[in-house]
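Participant: Both chains are given apart, each in its own frame, so use the hints to dock them into the complex.
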Amino acid sequence: GAVVSQHPSRVICKSGTSVKIECRSLDFQATTMFWYRQFPKKSLMLMATSNEGSKATYEQGVEKDKFLINHASLTLSTLTVTSAHPEDSSFYICSARDGGSSYNEQFFGPGTRLTVL
Amino acid sequence: AQSVSQHNHHVILSEAASLELGCNYSYGGTVNLFWYVQYPGQHLQLLLKYFSGDPLVKGIKGFEAEFIKSKFSFNLRKPSVQWSDTAEYFCAVNTKAAGNKLTFGGGTRVLVKP
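If you read the sequences in order, they're chains A and B. Here the first sequence stands for residues 4 to 120, numbered as in our numbering. Here the second sequence stands for residues 114 to 227, numbered as in our numbering.
Treat each hint with caution, since some may be false.
[Stated by the list, open to error] As a list, the in silico DSS-like pairs of lysine-lysine whose alpha-carbon atoms are at most 25 Å apart:
(1) B/Lys182 x B/Lys214
(2) A/Lys44 x B/Lys214
(3) A/Lys69 x B/Lys214
Hints are computed from structural coordinates only; laboratory data are not their basis.
Okay, chain B solo, but in the shape it has when bound (with noise of 0.2 Å):
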């Protein structure tokens, strides 16, 4: 069975720092990668998806996340953060063997300081 896990359940940086989310999963077949923002108050958003082809994805709002096959990684990362950038990221993993079932990470908040 598919899992995620993110390392990180909380993260405090202030603006303009760089951020960098780690995301593993488990799975040895094809997978589809997503990274999803809820900010406070709101529903979940896609920032960015991963389905084949370069492996540096580049989502909205100035996100990237880059997919290493060999490390079963998925990292978002932002060169320089905001204090809108302020919510909660999952990443989450799809594949074909389990129906195209999302299987989410447990989340990190994090909290950008003015």
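Next up, chain A with everything else stripped away, as it sits in the complex (with noise of 0.2 Å):
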């Protein structure tokens, strides 16, 4: 099956500083990745859509200067939160859309549970 990863799983910064969190379909080409941020106890919400060698479009609200992606290949999409605070704390997934397929399905990552101090 569609297998996304996600690195790291966990990673504790301290404020102000930048961190990157990688998003990898390891057994198929993902044209479209999602980047969602996941509250404690809510439901997720989409920060932005990814598409291999273009620029990111985010949803209302969300800073793309703050919450920069990058999809330089169709396997991989980064997420890097640059001069990050407490309120960027979260739980951050990405998903991907087989390219491949003709359904609309997204396969999701396992998380990465970010926590700034």
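Facilitator: Laid out in structure tokens, this is it:
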């Protein structure tokens, strides 16, 4: 089956530093990847849509300069949280859509828990 | 814009009881519907999906869901739950008009008592 990995699974950083999270599709080519944020006991909120080779599309209210997304290849997208602050602490989840599939199904990564001190 | 609502935030039931989780969406056109499950400490997994065809969809682990277009609903059911079904369940929808972006409901936390 389609597998999506994320690295790291957990990261703790100091306020003001930047953190990069990687999302990889392991056994399929993902033309589109999505980044979500999940607050405790809340649902997933879509942050941005990342298309390979082009700029990401951000949802309303998401700061593109703070959450930098790069989708440099068909199997890798990265999310960089720049100048992180405690309010950025959250669970970040990526998903990937199989470009070779006729179905619009997304496969989710295991998530990255970011804690900003 | 599409939206999804899940009626129950928390459900507590005993093993062998039947489970039904409500999901309603708002969108007038063609939709794709999904139910995801998130077990404690694990990532989202797809339980089942509806794209077209038979509105009664069977998924993994004994779950099924029925798409009722006239009610804009996609309720999830399981006839007899197990303790291992304790998890959070999310209904989601995507549409071509919205660029196939998934919109999630608020989730329902299910606790099955042994």
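Participant: Are the Cα positions of B/Lys182 and B/Lys214 separated by 25 Å at most?
Facilitator: Answer holds: B/Lys182 to B/Lys214 is near 20 Å, not above 25 Å.
Participant: Straight-line Cα separation of A/Lys69 and B/Lys214 no greater than 25 Å?
Facilitator: Holds, because 22 Å separates the two Cα atoms, which is no more than 25 Å.
Participant: Does B/Lys214 lie within 25 Å of A/Lys44 when you go C-alpha to C-alpha?
Facilitator: Status holds; Cα separation ~22 Å.
Comparing the model with each numbered hint stated earlier shows that all of them hold.
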